[in-house]
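One point on numbering: in the UniProt record's numbering, the residue at position 213 of the sequence shown is 213, and numbering is uninterrupted.
Honestly, I wouldn't trust all of these hints.
[As the list claims (entries may be wrong)] Think about it this way: if two alpha-carbon atoms lie no more than 16 Å apart in a straight line, the pair counts; the simulated EDC-like pairs of lysine to aspartate or glutamate are: (1) Lys192 - Glu250; (2) Lys359 - Asp324; (3) Lys192 - Glu165; (4) Lys384 - Glu326; (5) Lys40 - Asp51; (6) Lys97 - Glu115; (7) Lys97 - Glu250; (8) Lys251 - Glu115; (9) Lys54 - Glu111; (10) Lys40 - Asp15; (11) Lys387 - Glu326; (12) Lys192 - Asp123; (13) Lys251 - Asp355; (14) Lys251 - Asp35; (15) Lys40 - Glu23; (16) Lys251 - Glu356; (17) Lys174 - Glu185; (18) Lys73 - Glu264; (19) Lys40 - Glu52; (20) Lys174 - Asp191; (21) Lys20 - Asp51; (22) Lys37 - Asp15; (23) Lys54 - Glu42; (24) Lys359 - Asp458; (25) Lys37 - Glu23; (26) Lys54 - Glu23; (27) Lys37 - Asp51; (28) Lys97 - Glu81; (29) Lys73 - Glu111; (30) Lys463 - Glu452; (31) Lys481 - Asp469; (32) Lys37 - Glu52; (33) Lys387 - Glu52; (34) Lys329 - Glu311.
Hints listed in this document are in silico derivations from the structure and should not be mistaken for laboratory results. It should be emphasised that the depicted structure is a prediction, and the values quoted were computed from it without experimental measurement.
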Amino acid sequence: MGLTTTPRQSLTVVDNRTGKSYELPITHNSVLATDIKNIKAEPAPEDSPEDETKQGLRVYDPAYMNTAVVQSKITYINGLEGILRYRGYPIEQLVQKSNFLETAFLLIYGELPTESQFGNWQDEISHHTFVHTDIEGLLKSFRYDSHPMSMLTAAFATLGAFAPEANPSLRGQKLYTNAASGDLESLQVLDKQILRILGKAPTLAAASYRMRQGRPFNRPAQGLSYTGNFLHLLDTLSDRDNYKPHPVLEKALDALFIIHADHEVNCSTATVLQVGSSLVDPYSVVAAGCAALYGPSHGGASESAIRMLMEIGSPANVPSFMADVEARKRVLVGFGHRVYKNVDPRSTAIRQLADEVFKVTGRNQLLDTALELARYARESEFMKSRKLYPNVDFYSGLIYQAMGFPLDFYPVLFAVPRCVGWLAHWRQQMLTPGGVKIWRPRQLYLGSGEREYVDARDTREKKDGKLADAPVAVSHGGDSKRSLLAAKKVRARL
Numbered sequence: 001m002g003l004t005t006t007p008r009q010s011l012t013v014v015d016n017r018t019g020k021s022y023e024l025p026i027t028h029n030s031v032l033a034t035d036i037k038n039i040k041a042e043p044a045p046e047d048s049p050e051d052e053t054k055q056g057l058r059v060y061d062p063a064y065m066n067t068a069v070v071q072s073k074i075t076y077i078n079g080l081e082g083i084l085r086y087r088g089y090p091i092e093q094l095v096q097k098s099n100f101l102e103t104a105f106l107l108i109y110g111e112l113p114t115e116s117q118f119g120n121w122q123d124e125i126s127h128h129t130f131v132h133t134d135i136e137g138l139l140k141s142f143r144y145d146s147h148p149m150s151m152l153t154a155a156f157a158t159l160g161a162f163a164p165e166a167n168p169s170l171r172g173q174k175l176y177t178n179a180a181s182g183d184l185e186s187l188q189v190l191d192k193q194i195l196r197i198l199g200k201a202p203t204l205a206a207a208s209y210r211m212r213q214g215r216p217f218n219r220p221a222q223g224l225s226y227t228g229n230f231l232h233l234l235d236t237l238s239d240r241d242n243y244k245p246h247p248v249l250e251k252a253l254d255a256l257f258i259i260h261a262d263h264e265v266n267c268s269t270a271t272v273l274q275v276g277s278s279l280v281d282p283y284s285v286v287a288a289g290c291a292a293l294y295g296p297s298h299g300g301a302s303e304s305a306i307r308m309l310m311e312i313g314s315p316a317n318v319p320s321f322m323a324d325v326e327a328r329k330r331v332l333v334g335f336g337h338r339v340y341k342n343v344d345p346r347s348t349a350i351r352q353l354a355d356e357v358f359k360v361t362g363r364n365q366l367l368d369t370a371l372e373l374a375r376y377a378r379e380s381e382f383m384k385s386r387k388l389y390p391n392v393d394f395y396s397g398l399i400y401q402a403m404g405f406p407l408d409f410y411p412v413l414f415a416v417p418r419c420v421g422w423l424a425h426w427r428q429q430m431l432t433p434g435g436v437k438i439w440r441p442r443q444l445y446l447g448s449g450e451r452e453y454v455d456a457r458d459t460r461e462k463k464d465g466k467l468a469d470a471p472v473a474v475s476h477g478g479d480s481k482r483s484l485l486a487a488k489k490v491r492a493r494l
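Using the sequences and the hints, build the whole thing.
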C-alpha cells in the first residue's frame, strides 16, 4: 500500500504578471487579506498611480459579499442548509423551550444561565428600566408625526449623556478594553451598561409609541416578564396594577424577540462593530445600530412586506401580482434572503406561533392574501428555481399586524431585541485579547488623477456632464419664495 499524504492547508497563487508563486495559509477555510497584500508587481501601462500597484494586491468585495471581518463565537448561520444557531443551540429549540431574557444571557455570556444566575439577571434588568425625566422631555419635543425609529435612535444617543462614568472619552480609552485582561472594574462598568441598555430599551421604545398616540408615558412594572412589561408600557391606560397581557400575545412577542435577538454580522451589527472599534461608549454604539436598522432594506423589511400585501388587496389578485413579479414589473418582498438559499429557519420557528396568534386576534383578508401568496410561491417553478421562500419578515409582519401595531413601529419591535445581539458582539469585541483595532476598509479610487486648481471664473461646464454632477433644482414652499423675493429687493436697493 502506498502512503497517503495529507493535503497542505494552503492556497497556491501564481501571479501571471510576474510569474511568482505565493503560498497562502488556510485557517478555518479562509485566507488572510493581508497575505494577499504581499502579492506585488510593477505597474502595468494601464494602471494609474492611484492603483498603488507596488503596495500589494487588494481584495475588492462590494457589500462584503464574501469577506469575514471578525472571529466570533456567538451566532452560526448556514444559508445553504437553512441553519441558525445561537451559541450552538438551534433557533427552533430556543423558541420552543427558552424565553427572551434567558436567550439574551446565552448570547451575551456564552452559556445558558443557572437558576440563580437567571434570577439575578432578570432582577437586575427589571431594576434598570426607568429613564431620567429629561429623556422623557426629549421624546416629548419631537413632532407628533415623527417616526418612532427616529425617536428611539435619538433617545439611545442621549442616554449616554446621562452616564458620564460610561464614556471612554471622559474616563480613558481603555475603560472597556481593560476587561480583556480580567480587570474587574472594567468588567463591572461594561456589564452595568449592558443591564442599563437592556432594561431601558422597552421603556424608550414604548415612549416613542405613546408619543405617537398622544398618551402619557407609563412607568415600568415589576413582576412581569420582559415582554409583559413592554406590553404594559405600550398599552396600559389607567388600571396599571391589574394589567395582564394576553398570554398568547405575550408568548408570541417573546418568541419574536428571541428570533430577532441576533443574526450574525448583518448590516446593523457590522455598523455596531465599526462604530465600536473607535472605542466610543455603548449608547452611541447602539444608536448607530438603530440608525442602520432603520433602513427599509434591513429593519423595515417586515413593514414593506405588509405594504405589499395591502397593495395586492385580496387572494384573488395574487396570480396577477405574481405574473407582474415574474415579468419584473413588481418587486416581491418577504421572500428570499441575502444569506439563506433554503427555508429561513426563523420563519419555520414562528409559523406555528403565527397560527396561535391568529386564533386569538381573528383572521382577516390580509392574512388570507398572505397565505395564498405563500401557497403560490411553494408551487411556482419561478420561485422554486430561485430558492425564494417566505422569510422571517413575511411572518413577523403578519403577527405584528394581527396584534395591532402600526406599520412604522415594526422596526422598533426589531430594535428592542436586537440590542441583545449588538451588545453581545460589542462585548466580544471589547474582550478581544491584544486590544481592538479600529476598522478602516480600503477603497478602489477611480476618480481624477492629480490636476491643477482652476479659478471659478475660468471653469467650464462638462460637455458630457450627467444630471448628478451638479446640484439639481429644488422646490420651495410659499414662505421660502416670499423670503427669496424679499432678499432680492434688499439686494436691489443696495
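A quick look at each hint next to the structure:
1. At roughly 27 Å between alpha-carbon atoms, Lys192 and Glu250 are farther apart than 16 Å, so this suggested pair is violated.
2. Between the alpha carbons of Lys359 and Asp324 the distance comes to roughly 33 Å, so the proposed pair goes past 16 Å and is violated.
3. For the proposed pair Lys192 and Glu165, the alpha carbon gap of about 11 Å is at most 16 Å, so the pair holds.
4. The hinted pair formed by Lys384 and Glu326 meets the criterion: a straight-line CA distance of about 12 Å does not exceed 16 Å.
5. Between Lys40 and Asp51 the CA atoms are separated by roughly 12 Å; this keeps the pair inside 16 Å, and the hint holds.
6. Taken as a hint, the Lys97 and Glu115 pair is honoured in the structure, with Cα atoms around 15 Å apart against an allowance of 16 Å.
7. For the hint pairing Lys97 with Glu250, the CA-to-CA distance comes to about 15 Å; that is within 16 Å, so the pair holds.
8. For the hint linking Lys251 to Glu115, the alpha-carbon distance of about 20 Å lies beyond 16 Å, and the restraint is violated.
9. With a CA separation close to 48 Å, the supplied pair Lys54 and Glu111 exceeds the 16 Å bound.
10. For the proposed pair Lys40 and Asp15, the alpha carbon gap of about 9 Å is at most 16 Å, so the pair holds.
11. Our distance criterion of 16 Å between C-alpha atoms is met by Lys387 and Glu326, whose separation comes to about 14 Å.
12. Proximity of Lys192 to Asp123 is assessed by CA-CA distance (about 13 Å); at most 16 Å being required, the pair is judged to hold.
13. Annotation: proposed proximity of Lys251 to Asp355 holds, straight-line Cα distance about 13 Å (limit 16 Å).
14. Distance check on the hinted pair: Lys251 and Asp35 sit about 49 Å apart at the alpha-carbon level, beyond 16 Å; violated.
15. Straight-line distance between C-alpha atoms of Lys40 and Glu23 comes to about 14 Å, which keeps the hinted pair within the 16 Å bound.
16. Between Lys251 and Glu356 the CA atoms are separated by roughly 10 Å; this keeps the pair inside 16 Å, and the hint holds.
17. A C-alpha spacing of about 11 Å is found between Lys174 and Glu185, which places the hinted pair at or below 16 Å, so the restraint holds.
18. With a CA separation close to 10 Å, the supplied pair Lys73 and Glu264 stays within the 16 Å bound.
19. Taking the CA atoms of Lys40 and Glu52, the gap is near 10 Å; set against the 16 Å cutoff, the hint holds.
20. Note on Lys174 and Asp191: the hinted pairing holds, with a Cα-Cα distance of about 15 Å set against a maximum of 16 Å.
21. For the suggested pair Lys20 and Asp51, the alpha carbons sit about 20 Å apart, so the restraint of at most 16 Å is broken.
22. Proposed proximity of Lys37 and Asp15 is supported: the alpha carbons are some 12 Å apart, at most 16 Å.
23. A hinted pair counts as satisfied when its Cα atoms are at most 16 Å apart, and Lys54 with Glu42 qualifies at roughly 6 Å.
24. Distance hint between Lys359 and Asp458 is unfulfilled; the C-alpha atoms sit about 73 Å from each other, more than 16 Å.
25. Restraint check for Lys37 and Glu23: the C-alpha separation of about 13 Å stays at or below 16 Å, so the hint holds.
26. Only pairs whose Cα atoms come within 16 Å are accepted, and Lys54 paired with Glu23 is rejected, the gap being roughly 19 Å.
27. A C-alpha spacing of about 13 Å is found between Lys37 and Asp51, which places the hinted pair at or below 16 Å, so the restraint holds.
28. Proposed proximity of Lys97 and Glu81 is contradicted: the alpha carbons are some 23 Å apart, above 16 Å.
29. Using a Cα cut-off of 16 Å, the hinted pair Lys73 and Glu111 holds, with the two alpha carbons roughly 11 Å apart.
30. At most 16 Å may separate the alpha-carbon atoms for a hinted pair to count; Lys463 and Glu452 exceed this at roughly 19 Å.
31. With a C-alpha separation of about 26 Å, the suggested pair Lys481 and Asp469 falls outside the 16 Å cut-off, and the hint is violated.
32. For the proposed pair Lys37 and Glu52, the alpha carbon gap of about 11 Å is at most 16 Å, so the pair holds.
33. For the hint linking Lys387 to Glu52, the alpha-carbon distance of about 41 Å lies beyond 16 Å, and the restraint is violated.
34. Of the supplied pair hints, the one linking Lys329 and Glu311 holds, its CA atoms being roughly 14 Å apart against a limit of 16 Å.
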